[in-house]
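Peer 1: Sequence lines, in order, name chains A and B. The numbering of the first sequence is the working numbering, which starts it at 16 and goes up by one. The numbering of the second sequence is the working numbering, which starts it at 3 and goes up by one.
Hints were generated in silico from the structure; no laboratory data involved. One or more hints might be untrue.
[Unchecked claim] What follows is a list of derived Cβ distance ranges for each label pair:
hint : chain 1 : residue 1 : chain 2 : residue 2 : range
1    : B       : R152      : A       : R91       : 21 to 29 Å
2    : A       : G180      : B       : L23       : 50 to 58 Å
3    : B       : R156      : A       : D272      : 45 to 53 Å
Model, not experiment: these values are computed from the prediction. Note that beta-carbon positions come from the ideal geometry of N, C-alpha and C, so glycine has one too.
Here is what each chain is made of, one letter per residue.
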Amino acid sequence: MQSYADIAKGDVLLSVKDVSLSFGGVKAIQGVSFDIRKGEVRAIIGPNGAGKTSMLNVINGFYHPQAGEIMFKGIRRPKMKPYEAASGGIARTFQNVALFKGMTTLDNIMAGRSLKMNVGLFWQMLRFGPAEREEVIHRRRVEEIIDFLEIQAIRKTPVGKLPYGLQKRVELGRALAMEPELLLLDEPMAGMNLEEKEDMCRFILDVREQFGTTIALIEHDMGVVMDLSDRVVVLDYGRKIADGVPDVVKADKTVIDAYLGVAH
Amino acid sequence: MSDATLPAAPAFKMTPGRWTLLGFVAFALLIVALVSTGTIRRGDFLYNVFADPFVSMVDLPDLLVQTLWEGLVAGVLYALIALGFVLIFKASGVFNFAQGIMVVFAALSLVGIYEILTLRLGFPPGFVAAILSLFGAIGVMFVLAVVVERVVLRPLVNQHEIIMLMATVGLTYFLIGFGEYVFGGNPKVMITSQLGLPTGSSTFNILGGRVSIQHLDVAAAVIATIMIAALAFFFQYTRIGRALRAVADSHKAALSVGISLNQIWVIVWFTAGIVALVTGIMWGARSDVSFALEIIALKALPVLIIGGFTSIPGAIIGGLIIGVGEKIGEFYWGPLFGGGIESWLAYIIALGVLMFRPQGLFGEKIIERI
Ligand SMILES: Nc1ncnc2c1ncn2[C@@H]1O[C@H](COP(=O)(O)OP(=O)(O)O)[C@@H](O)[C@H]1O
Ligand SMILES: [Mg+2]
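Bound conformation, chain A alone:
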């Protein structure tokens, strides 16, 4: 794992400044600022309804904040669309698993290559020549990811039939297929048993190690957060209440209060 000193010196990949987002009367995010540096695992934690998922949705362009700005790779991105986020190198998974349920594991992960494939509609219709070659090349990459995640056995299974833990793994595979620079994981271990959690932890660390991917991670399990992350930002009621290395955050009085529900 990188030391804090390394990361503190690292380049900022994404920064969020004074971002506020509300839905009608509900203030989901209120004036939150933080940054994510290249190569780090950045955890976002906080009680339910704190605004963590909303923050990921802002980062990948699903929601547009009413105030504040987002810089990605040094460029200001106002009103970034999901398509632009994806082509800029942001991939994500969802809290409640959003897979293409009728499609096989292979096809789901192949769908993650959509942006990397660009043979035109004409050849697609014929499906010979360039389109065929392109399929083969990308299929090879996808097989590597399948090996990496150890899901060879379910390659041809429609994902709707898989148990929840495996679905989360396929979803991670689909995000990895995009070869992202920034990977957003929304509670990747929720609803998993201990063994599945350990596997997922290992995959996340391996992803960072092997592909150098920067990771932003929402997680409830404090043990996991402390093990995996380089820095932690804590949200509560849409506000940022702490930001720093795990040990410091863990000892922070406001954080403990928020988690013990003192103010709730």
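Since chain A is already given, all that's left is putting chain B with the ligands on it; use the hints.
Peer 2: For chain B with the ligands alone, kept in the frame of chain A given last:
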């Protein structure tokens, strides 16, 4: 594994569908009994409704074959219209009220462009002009898809389904008005032979009788089959087909991997437009090309009720069931009602199927999504 742990055979349960089936069988036996004991006989109302049609089917099998064939051909065309609906519904959740009009509009464009080419631009009438017109009509359907995406879908995305439905109702009236303005309101004749489609018919002596088959109907069945197979292949094995299936499954997941919904919508509307064009050619060749053809869209609804709004196999099987059921009903029971039953029979057949399978043939979520 010991025998004790083997699951017991599932107990036979009487579902509502099985009760209905049992009822039918019991009723059929009753009729047979009544007829053979002479309680009801030729000329009685009950005999005419419940016995006579089946007696004629057995006595004149050639007529039965003829009727079945005609039903299958009509069914193929119903299936194509339903297919257009399903494509658009799956990819964008829009119930496209304009699908029927798109059939007419596509056929009118084809014939209209042919008229312009041959009558005004001095092209020699014939195959070449017809093929040029075909490409022209495909171009028109592409432009329509782009315009619909820009003007209707994009501004209304995430609106309630009813609003989208109303937008397609508006599109229907726009296409009628625009079509009449550009191509005139008079019925036109489909350029069947110019396109190289066969027009004659052949008669076969089988089963002690004669069955006559229109060559055009054979061509329609073959072309429809090829088109459906090509579409299935396209969906299953290409990147864009995969993207289409992805969008149909989950909009947000598709967006997150960078699939552009706008591009996908253009592609599905264009595909539905091509399907409409093929349907329009086949249908127009059997009658003429006018806005009266629009009513065939009404046949698609019972097909969708049977097959489900999201199932392509459902559209195909549903279309064939309605087509065959309708022709059989019309031929054998129609005279009892003094004819004219084809306008509502399809709906009765759909209700009949729903009695056995309330969820439709293939549907898991046909009711939930509309
Ligand atoms: N699309 C939405 N419409 C309305 N309210 C929303 C929407 N998304 C999130 N919220 C609200 O914003 C607040 C933060 O939600 P969320 O970001 O999901 O929290 P977390 O992921 O931290 O549990 C909640 O009060 C939630 O109800
Ligand atoms: Mg959440």
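Peer 1: Do the Cβ positions of R156 of chain B and D272 of chain A conform to the proposed distance bound of 45 to 53 Å?
Peer 2: With Cβ atoms ~47 Å apart, the hint holds.
Peer 1: Measuring from beta carbon to beta carbon, are R152 of chain B and R91 of chain A in 21 to 29 Å?
Peer 2: Hint holds: Cβ distance 28 Å, inside 21 to 29 Å.
Peer 1: The hint says 50 to 58 Å between G180 of chain A and L23 of chain B; measuring C-beta to C-beta, is that right?
Peer 2: Violated - the Cβ-Cβ distance for G180 of chain A and L23 of chain B, about 42 Å, lies outside 50 to 58 Å.
Taken one by one, the earlier hints fail for this structure only at number 2.
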